[in-house]
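*Asks:* Take a look at the letters that make up each chain.
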Amino acid sequence: MSETADRVKKIVVEHLGVEAEKVTEDASFIDDLGADSLDIVELVMAFEEEFGVEIPDDAAEKISTVKDAITFIDANKG
Amino acid sequence: MFDLTGMTALVTGASGGIGSAVAKALAGQGARLALSGSNADKLEAFRAELGGDHVTLVCDLSDGAAVDGLIPRAVEALGHLDILVNNAGVTRDNLVMRMKDEEWDSVIRVNLEAAFRLVRAAAKPMMKARFGRVISITSVVGATGNPGQANYAASKGGLTAMSKALAQELASRNITVNCVAPGFIASPMTDALPEAQKEALTARIPAGKLGEGSDVGAAVAYLASREAAYVTGQTVHVNGGMAMV
Numbered sequence: 001m002s003e004t005a006d007r008v009k010k011i012v013v014e015h016l017g018v019e020a021e022k023v024t025e026d027a028s029f030i031d032d033l034g035a036d037s038l039d040i041v042e043l044v045m046a047f048e049e050e051f052g053v054e055i056p057d058d059a060a061e062k063i064s065t066v067k068d069a070i071t072f073i074d075a076n077k078g
Numbered sequence: 001m002f003d004l005t006g007m008t009a010l011v012t013g014a015s016g017g018i019g020s021a022v023a024k025a026l027a028g029q030g031a032r033l034a035l036s037g038s039n040a041d042k043l044e045a046f047r048a049e050l051g052g053d054h055v056t057l058v059c060d061l062s063d064g065a066a067v068d069g070l071i072p073r074a075v076e077a078l079g080h081l082d083i084l085v086n087n088a089g090v091t092r093d094n095l096v097m098r099m100k101d102e103e104w105d106s107v108i109r110v111n112l113e114a115a116f117r118l119v120r121a122a123a124k125p126m127m128k129a130r131f132g133r134v135i136s137i138t139s140v141v142g143a144t145g146n147p148g149q150a151n152y153a154a155s156k157g158g159l160t161a162m163s164k165a166l167a168q169e170l171a172s173r174n175i176t177v178n179c180v181a182p183g184f185i186a187s188p189m190t191d192a193l194p195e196a197q198k199e200a201l202t203a204r205i206p207a208g209k210l211g212e213g214s215d216v217g218a219a220v221a222y223l224a225s226r227e228a229a230y231v232t233g234q235t236v237h238v239n240g241g242m243a244m245v
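So the sequences go chain by chain: G and U.
The first sequence begins at 1 in the numbering used here and counts up by one.
The second sequence begins at 1 in the numbering used here and counts up by one.
Worth double-checking, as some hints may not be accurate.
[Said to hold, decoys possible] In silico PhoX-like cross-links for lysine-lysine, where the CA-CA straight-line distance does not exceed 25 Å:
1. U:K128 x G:K9
2. G:K62 x U:K128
3. G:K10 x U:K124
4. G:K67 x G:K77
5. G:K77 x U:K42
6. U:K124 x G:K62
7. U:K124 x G:K77
8. G:K67 x G:K10
9. G:K10 x U:K128
[Stated by the list, open to error] Taking CB as the label site, the calculated pair distances span:
10. U:A66 x G:K10: 37 to 43 Å
11. G:E21 x U:A40: 56 to 62 Å
12. G:E48 x U:R204: 50 to 56 Å
13. U:E44 x G:K67: 53 to 59 Å
14. U:G233 x G:E50: 42 to 48 Å
15. G:S28 x U:R204: 56 to 62 Å
16. U:D53 x G:E50: 45 to 51 Å
17. G:S64 x U:A40: 43 to 49 Å
18. U:E49 x G:K77: 48 to 54 Å
19. U:G69 x G:E48: 15 to 21 Å
20. U:A186 x G:A59: 49 to 55 Å
21. U:P147 x G:K67: 42 to 48 Å
If you are wondering where the hints come from, they were derived from the structure by calculation, not from laboratory data.
Even for Gly, the Cβ is constructed at its ideal location relative to N, Cα and C.
Assemble the whole structure, with the sequences as input and the hints as a guide.
*Replies:* What follows is the structure, encoded as structure tokens:
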């Protein structure tokens with residue numbers, strides 16, 4: 001598992017208050033992890049802060065699974 | 001009760017009649033303020049009068065880009081932002097049939113669009129902090145309408161409805177969003193009215209007199225306080241009973 005994946009999963013566990021084993025790469029934030037749209041906004045803000053990346057709204061809208069987040073961050077972090 | 005010590009607030013239109021009374025009320029409860037307005041000299045004079053450790057931020061609320069920058073400037077100046085008071089407002093009265101596009105647009109831009117831009121920007125730091133108070137100064141005419149003020153009434157009614165939507169979006173993050181709707185409040189503008197007109201005005205008010213800015217300030221201070229945590233999406237009408245809605 002990549003370092004990015006570890007950090008992403010830690011943030012998801014903290015923000016959504018879910019058990020770590022539920023946060024698989026295929027897990028959907030909304031369907032599997034119980035996030036609502038406000039949670040997604042907060043997760044995106046937390047990712048931006050943690051990784052120093054900017055996630056524009058159109059990109060954020062496409063992030064629906066844990067893997068989507070990891071892929072975007074790996075492709076865009078400095 | 002209603003102690004705001006350690007809390008910070010941005011007040012727009014802070015050197016105006018109601019704005020300065022709101023600022024005094026918040027500062028009186030211990031909040032540290034960023035006072036915003038379009039006139040640097042008036043703002044600075046008011047800051048000096050207020051004393052304490054407050055800051056001024058000049059901003060033209062009809063300039064969208066400037067408005068977008070105001071919350072980041074306030075956060076930088078104050079360290080964090082607990083309270084946003086959307087107070088600034090303009091009027092461009094005219095009968096609907098005679099109202100120019102520009103009269104409509106300018107009132108909507110300052111009273112409604114600027115408030116939207118400010119709450120959009122303030123929501124982020126407030127969500128992170130898991131605390132926030134957004135208070136918009138609306139008007140009795142936002143609920144009742146008023147001839148000659150289609151633009152102003154629409155802007156205030158819009159501000160009220162926007163606040164209700166935002167209140168629902170942010171309630172789970174301990175952010176409350178409320179409005180204070182003044183009726184007729186004594187100001188240099190009402191002081192200048194002819195006596196007969198003043199009497200006609202007060203005849204419509206069960207309390208039998210105009211309100212004071214401090215009446216509005218007290219309502220804002222309450223809604224800003226930690227004690228008002230369970231009040232959101234509401235309007236406190238401060239109008240001496242002239243409209244009960």
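*Asks:* If a hint holds in the structure, say so; if it doesn't, say that too.
*Replies:* Hint-by-hint comparison with the structure:
{"no.": "1", "hint": "U:K128 x G:K9", "result": "holds, 19 Å"}
{"no.": "2", "hint": "G:K62 x U:K128", "result": "holds, 22 Å"}
{"no.": "3", "hint": "G:K10 x U:K124", "result": "holds, 21 Å"}
{"no.": "4", "hint": "G:K67 x G:K77", "result": "holds, 15 Å"}
{"no.": "5", "hint": "G:K77 x U:K42", "result": "violated, 46 Å"}
{"no.": "6", "hint": "U:K124 x G:K62", "result": "holds, 20 Å"}
{"no.": "7", "hint": "U:K124 x G:K77", "result": "holds, 22 Å"}
{"no.": "8", "hint": "G:K67 x G:K10", "result": "holds, 13 Å"}
{"no.": "9", "hint": "G:K10 x U:K128", "result": "holds, 17 Å"}
{"no.": "10", "hint": "U:A66 x G:K10: 37 to 43 Å", "result": "holds, 39 Å"}
{"no.": "11", "hint": "G:E21 x U:A40: 56 to 62 Å", "result": "holds, 58 Å"}
{"no.": "12", "hint": "G:E48 x U:R204: 50 to 56 Å", "result": "holds, 53 Å"}
{"no.": "13", "hint": "U:E44 x G:K67: 53 to 59 Å", "result": "holds, 54 Å"}
{"no.": "14", "hint": "U:G233 x G:E50: 42 to 48 Å", "result": "violated, 33 Å"}
{"no.": "15", "hint": "G:S28 x U:R204: 56 to 62 Å", "result": "holds, 58 Å"}
{"no.": "16", "hint": "U:D53 x G:E50: 45 to 51 Å", "result": "violated, 33 Å"}
{"no.": "17", "hint": "G:S64 x U:A40: 43 to 49 Å", "result": "holds, 48 Å"}
{"no.": "18", "hint": "U:E49 x G:K77: 48 to 54 Å", "result": "holds, 49 Å"}
{"no.": "19", "hint": "U:G69 x G:E48: 15 to 21 Å", "result": "holds, 19 Å"}
{"no.": "20", "hint": "U:A186 x G:A59: 49 to 55 Å", "result": "holds, 52 Å"}
{"no.": "21", "hint": "U:P147 x G:K67: 42 to 48 Å", "result": "violated, 59 Å"}
Checked against the numbered hints above, the structure breaks hints 5, 14, 16, 21 and satisfies the rest.
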